Amino acid sequence: MRRRIGWWSSGATLGALALVAMLSMPALAQKGEVVIVTYGGTAADALREAHWKPFTAETGIVVREETPPTPAKVKAMVESGNVVWDIVEMDLNWIISLQKAGNYLEKIPVNQLPPKYVAALDREAINEYGIGAFYWAWVMAYRTDVFKAGNRPKSWADFWDVKRFPGPRTLQDSPGSNMEFALLAAGKKSDGLYPLDPDQAFKKLDEIRPSIKKYWDTGALAPQLLADKEVFLGSVYSGRIKHLQDQGIPVEIEWNQGLLNLDYWTIVKGAKNFNNAIKLIGYMLDPARQAKFAKLIPYGPVNKEALPLISPEVARQLPSYAENKKRMILYNSEWWGPHREELNERWQQWKLKTK
Amino acid sequence: MTVKGELAAHPTNREGHRERARPRRKRWSLETLILVPILAYLAVFYVYPLARILLLSVYGPRLTFDHFLRMVTVPVYTQVLMRSFRIALLVTVLSLVLGYPVAYLLSNLKPRQVALLMPVILVPFTISVLVRSYAWMAILGREGLVNTLLLGWLGLTQQPLEILYNEFGVLLGMVHILLPFFILPAYSVMIRIDRDLLKAAYIMGATPARGFLEVFLPLSLPGIIGGGLLVFIQALGFFVTPALLGGPQDTMISMLIELQISQLLNWGFAAALSSVLLIATLGGFMLLTRIVRVSILWGEAR
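Residue numbers (this note's numbering), protein chains in the order written: chain A, 1 to 355; chain B, 1 to 302.
The following block holds chain A by itself, in its conformation from the complex (with noise of 0.2 Å):
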């Protein structure tokens, strides 16, 4: 009896796996999957609707989703020899810092994405290793109940202007952005701004200090100081603001001197799904679905197509509309390579200073 059950049993699972396999094989085996590695949150929540699902639902190919990228685990994955990742959303520093280290970047083979989608790309979207995500922009956000409509910093130097703005600050922990608003608030023109002076900077910088009363980190922390009152204006990513209005939190942004830069997506050194991965790659490129992207969060589209297709009153809150890309400066990450560890160094030291 007990061996009746224990043959019945094996055979009922033998069935059911043979099943199962048989239902999961051909989207395993013939169309698989690939691995995108973003920030996560609300960005990815916009991504997946306007990219990842259509993706899937067109090509078969399963999308997983992975947060948050380090160029740290690329270079350790690569290094170990166990490349887990395909594609990596990054800005330029990263691409820079990771090929000067090493070599852990795929090279972007251009022709094989679509080609009326890359003649539409702005020229910075097209880098030898990565292929442009979205803009985005360090901005100057205040609050509205303490700078009253007539009496608002419209510039870096109404920042620095601590008698007519008085109150709490904030800025990143990175001398990346810092520097060159310092430099626009010593009356530095936007054109004229690189390569930048960093004595000029840091001194510029020690006026400020006393007024900076936390330099933020990750990207949640500047609107979370704003949210609170904490700092009454302060430097943060464009795209965190829009969350905070609509929460009914009387913040605004300033897009003039804003720094303008834009996030890649790459892909890893022997990324095991290659292939897929410049299939998605070449699918997010879609002005239609930027466009989508765009309305679902206020990051701008590299393809210059996708402008027309979004109400005016959205685009306004990109980094990239015409009105906004025009006041605003491009971060210059070719700059910064080689002098980002040295700039570090010397930001960590100042910050040490009390007064």
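By construction, these hints were calculated from the structure, which means they are not laboratory data.
Accuracy of the hints is not assured; some may be wrong.
[Unchecked claim] In silico lysine to aspartate or glutamate, EDC-like type, Cα no more than 16 Å apart, as pairs:
| id | chain 1 | residue 1 | chain 2 | residue 2 |
| --- | --- | --- | --- | --- |
| 1 | A | LYS351 | B | GLU167 |
| 2 | A | LYS154 | A | GLU254 |
| 3 | A | LYS229 | B | GLU143 |
| 4 | A | LYS73 | B | GLU258 |
| 5 | A | LYS272 | A | GLU33 |
| 6 | A | LYS353 | B | GLU167 |
[Claimed, not checked] Reference listing, derived: stretches of chain A covered by chain B, where coverage requires no fewer than 3 residues with Cβ under 8 Å from a Cβ of chain B:
| id | region |
| --- | --- |
| 7 | 64-73 |
| 8 | 227-238 |
| 9 | 340-351 |
Remember, it's a predicted structure, so these values are computed and weren't measured experimentally.
C-beta: ideal position from N, C-alpha, C; glycine also.
Chain B: place on chain A using the hints.
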């Protein structure tokens, strides 16, 4: 007397007059066998990676001492290291001052009362450090709980107190998280202290204060040192709490290591910074062994 009995049975005891331990030698082979898995685990997951880190700090493509040279010549690294030590020391002292009375109280309670109070100490353990640090931000902020209470309801202060984003916030947050690491070892030593010794002191005419100072306190020293070391070593490498609750100047060495590893990808330099932290910690430990007999840590009474 139980304490002495346990000690005598301890096979690694070096004291000559405790020869009684000898007959147990036979069990060594079994004990060694039991130790094999944990030793293997330590070798693979602790000793080997640590050796790799030490190697990485001097061996970039080739043998180099540039990383250590940079650490000495650029002042920021020694300054931050000193700051980290200072914060760790302050946290340890505060944990001792706050934790000792708690442990003392617990050790004097009945088991049922302890069972009631222990969760108060242990429950925060189950909440992540990140969550607890964020909670402090909500409590200490300009418009946080404390300031709303003082400023708005009680009218005790004119301006919001600056208790967040400075050293005060860091110390408060760190002590809150590390306090159980002091209380628990101190408590476990204190409950094993033979209270008859105190009674004997009183019978011989000692005041309660003197009895405490000359009998109880010295006997509880292993707990103080054990707990203090646990707190100090953890505090030295703290990252999340000082990053969230600290101000512009509250940089800890762990933050500079993180910057090198994850942002600047200079792993050799990060390894060198870590090595110095490791060596400095070991150095502190060695210094301690000069002052007190470390064997009291694993339970040998004075």
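Hint check:
For the hint pairing LYS351(A) with GLU167(B), the CA-to-CA distance comes to about 14 Å; that is within 16 Å, so the pair holds. Of the supplied pair hints, the one linking LYS154(A) and GLU254(A) holds, its CA atoms being roughly 6 Å apart against a limit of 16 Å. A threshold of 16 Å between alpha carbons decides the hint, and for LYS229(A) with GLU143(B) the separation of about 7 Å falls inside it, so the pair holds. For the hint linking LYS73(A) to GLU258(B), the alpha-carbon distance of about 13 Å falls within 16 Å, and the restraint holds.
Between LYS272(A) and GLU33(A) the alpha-carbon distance is near 9 Å, which keeps this suggested pair within the 16 Å criterion. Distance hint between LYS353(A) and GLU167(B) is fulfilled; the C-alpha atoms sit about 14 Å from each other, no more than 16 Å. Requiring three or more residues with a Cβ within less than 8 Å of a Cβ of chain B, the coverage given for the region 64-73 of chain A holds, as 3 such residues are present. Counting residues of the region 227-238 of chain A whose C-beta lies closer than 8 Å to any C-beta of chain B gives 3; at least three are required, and the coverage claim holds.
Under the rule that three or more residues need a Cβ within less than 8 Å of chain B, the assignment of the region 340-351 of chain A holds, with 7 such residues.
Hint compliance for this structure: no hint is broken.
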